[in-house]
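Student: Listed here are the chains, written in short residue letters.
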Amino acid sequence: EAAVTQSPRSKVAVTGGKVTLSCHQTNNHDYMYWYRQDTGHGLRLIHYSYVADSTEKGDIPDGYKASRPSQENFSLILELASLSQTAVYFCASSVDWGGSYEQYFGPGTRLTVL
Amino acid sequence: SQLAEENPWALSVHEGESVTVNCSYKTSITALQWYRQKSGEGPAQLILIRSNEREKRNGRLRATLDTSSQSSSLSITATRCEDTAVYFCATDKRGSALGRLHFGAGTQLIVIP
Numbered sequence: 446e447a448a449v450t451q452s453p454r455s456k457v458a459v460t461g462g463k464v465t466l467s468c469h470q471t472n473n474h475d476y477m478y479w480y481r482q483d484t485g486h487g488l489r490l491i492h493y494s495y496v497a498d499s500t501e502k503g504d505i506p507d508g509y510k511a512s513r514p515s516q517e518n519f520s521l522i523l524e525l526a527s528l529s530q531t532a533v534y535f536c537a538s539s540v541d542w543g544g545s546y547e548q549y550f551g552p553g554t555r556l557t558v559l
Numbered sequence: 009s010q011l012a013e014e015n016p017w018a019l020s021v022h023e024g025e026s027v028t029v030n031c032s033y034k035t036s037i038t039a040l041q042w043y044r045q046k047s048g049e050g051p052a053q054l055i056l057i058r059s060n061e062r063e064k065r066n067g068r069l070r071a072t073l074d075t076s077s078q079s080s081s082l083s084i085t086a087t088r089c090e091d092t093a094v095y096f097c098a099t100d101k102r103g104s105a106l107g108r109l110h111f112g113a114g115t116q117l118i119v120i121p
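Residue numbers (this note's numbering), protein chains in the order written: chain A, 446 to 559; chain E, 9 to 121.
Bound conformation, chain E alone (with noise of 0.2 Å):
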């Protein structure tokens, strides 16, 4: 099974609305990342966030982490068509090799001018 989850799975927003997209993970980890996939196009990334962090901020967006609980979000404020894209979270793992990240599925983020 997979080590990080997104979810909902796809939403659709209009423009200038916010969004939140959820993660939950199954393991102890040193950060988890957020990246973003806009079609034809590799991931690059959003935000880091490290285990002894909260929130992160980066411009419109908004990480936080609560590692009590496993989770961790993404908000977009005022969001603007070129936000259309796949949104991932990726962790590391405690104890794993460096280096690797294992990435959920991804919710499919359409922003409706």
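In isolation and in its complexed conformation, chain A is listed as follows (with noise of 0.2 Å):
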């Protein structure tokens, strides 16, 4: 069954701190995705990869990095957290049906920036 699985679960970072989220996935997807959710907003997009070692900037980058070194993992990046990235965010792979996607996600990490 695929599997996409995120550490930590949660963290609490200091702001002005650096934060590094991971993904993994053992679906052979070649697309990843790292979104973040925050009440009433749903999912929106932070950066996206469709291969190893290169990524793309989703809807709201600003503040975030992304790193994809292999197929299987792909990694989020805070250099300086701030109070306005406490969010949930999830990572997704996804597969092609016909030319449509779908994701599957990972189960969120909860980062909490003081």
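Quick caveat, the hints were computed from the structure, so don't treat them as lab data. Hints may be right or wrong, so weigh each one.
Straight-line distance between alpha carbons at most 27 Å, and here's what the computed DSS-like set of lysine-lysine pairs gives [stated by the list, open to error]: (1) E:K101 <-> A:K502; (2) E:K101 <-> E:K34; (3) A:K456 <-> A:K510; (4) E:K64 <-> E:K46; (5) A:K502 <-> E:K64; (6) E:K64 <-> E:K101; (7) A:K510 <-> E:K101; (8) A:K510 <-> A:K463; (9) E:K46 <-> A:K456; (10) A:K463 <-> A:K502; (11) A:K502 <-> A:K456; (12) E:K34 <-> E:K64.
Here are a few chain E residues that face chain A, going by a calculated C-beta distance under 10 Å [claimed, not checked]: (13) Q10; (14) T38; (15) A39; (16) G48; (17) P51; (18) Q53; (19) L56; (20) R58; (21) L69; (22) F96; (23) A98; (24) R108; (25) L109; (26) F111; (27) G112.
We treat Cβ as the ideally placed atom computed from N, Cα and C, and that holds for glycine.
Relying on the hints, combine the two individually framed chains into one complex.
Tutor: Printed below as a string of structure tokens:
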């Protein structure tokens, strides 16, 4: 069965500190995504990747960097964490269903910036 | 503004009743997907309905798609307590990067025992 795992599952960070969120998938999917979820805003795309060693900006990339060192791993990096980045972060991978893409999500990481 | 939007924002039903969540979208699509997110979990896909399809079923779930009015609905029959979740519609967008989905803010459904 498809599996996307995220670590850590929760984290408390200090303002101005560096935070790295990790994602690992065993689906053999080429496409991977990072979303943040805030109450009332649904899921907003931060960064995504089609292939290892390449990343693309999503709708809200400011303040975030992404790294895709291999097909299986995709990281989200907050170089200088801010209070506004407190949210739940989801990683997903996707597969092509004849031109449409179903996304498989991880369990999420709850990030609190103090 | 969001490319997809569910309504109502929240609703509750009693177990065994049927319920419908609606979605409106603002772009030309190749497919629309419905996802469910239970508390403390990531979203999981329920149904994918392509632009040339009008209806799709998956067990107690039925999705419809009307491309002329740019709307979709997700109906759940014989609801169960475990159907309590947030329901999202998500659209791709013709001509945009492959694999990108645009999610609405979701509808919170509570099924009362």
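Student: Evaluate each hint against the coordinates.
Tutor: Checked hints:
1. E:K101 <-> A:K502: Since the Cα atoms of K101 (chain E) and K502 (chain A) sit roughly 16 Å apart, the hinted pair holds (cutoff 27 Å).
2. E:K101 <-> E:K34: Within the cut-off at roughly 9 Å; holds.
3. A:K456 <-> A:K510: Holds. K456 (chain A) to K510 (chain A) sits at ~18 Å (cutoff 27 Å).
4. E:K64 <-> E:K46: The given pair, whose Cα atoms are some 22 Å apart, holds under the 27 Å limit.
5. A:K502 <-> E:K64: With Cα atoms ~33 Å apart, K502 (chain A) and K64 (chain E) exceed 27 Å; violated.
6. E:K64 <-> E:K101: Within the cut-off at roughly 20 Å; holds.
7. A:K510 <-> E:K101: 25 Å, holds
8. A:K510 <-> A:K463: Answer holds: K510 (chain A) to K463 (chain A) is near 11 Å, not above 27 Å.
9. E:K46 <-> A:K456: 21 Å, holds
10. A:K463 <-> A:K502: 20 Å, holds
11. A:K502 <-> A:K456: 24 Å, holds
12. E:K34 <-> E:K64: 21 Å, holds
13. Q10: 7 Å, holds
14. T38: 6 Å, holds
15. A39: 4 Å, holds
16. G48: 8 Å, holds
17. P51: Holds, because the Cβ-Cβ distance from P51 (chain E) to chain A comes to roughly 5 Å (cut-off 10 Å).
18. Q53: Q53 (chain E) check passes; min Cβ-Cβ to chain A is 5 Å, inside 10 Å.
19. L56: 6 Å, holds
20. R58: Status holds, d = 6 Å.
21. L69: Hint on L69 (chain E): violated, closest Cβ of chain A at ~15 Å, above 10 Å.
22. F96: Hint on F96 (chain E): holds, closest Cβ of chain A at ~6 Å, below 10 Å.
23. A98: With Cβ-Cβ at 8 Å, under 10 Å, it holds.
24. R108: 7 Å, holds
25. L109: Result: holds, 6 Å to nearest chain A Cβ.
26. F111: Hint on F111 (chain E): holds, closest Cβ of chain A at ~4 Å, below 10 Å.
27. G112: Holds, about 6 Å.
Violated hints, listed in ascending order, are 5 and 21; each of the other numbered hints is respected by the structure.
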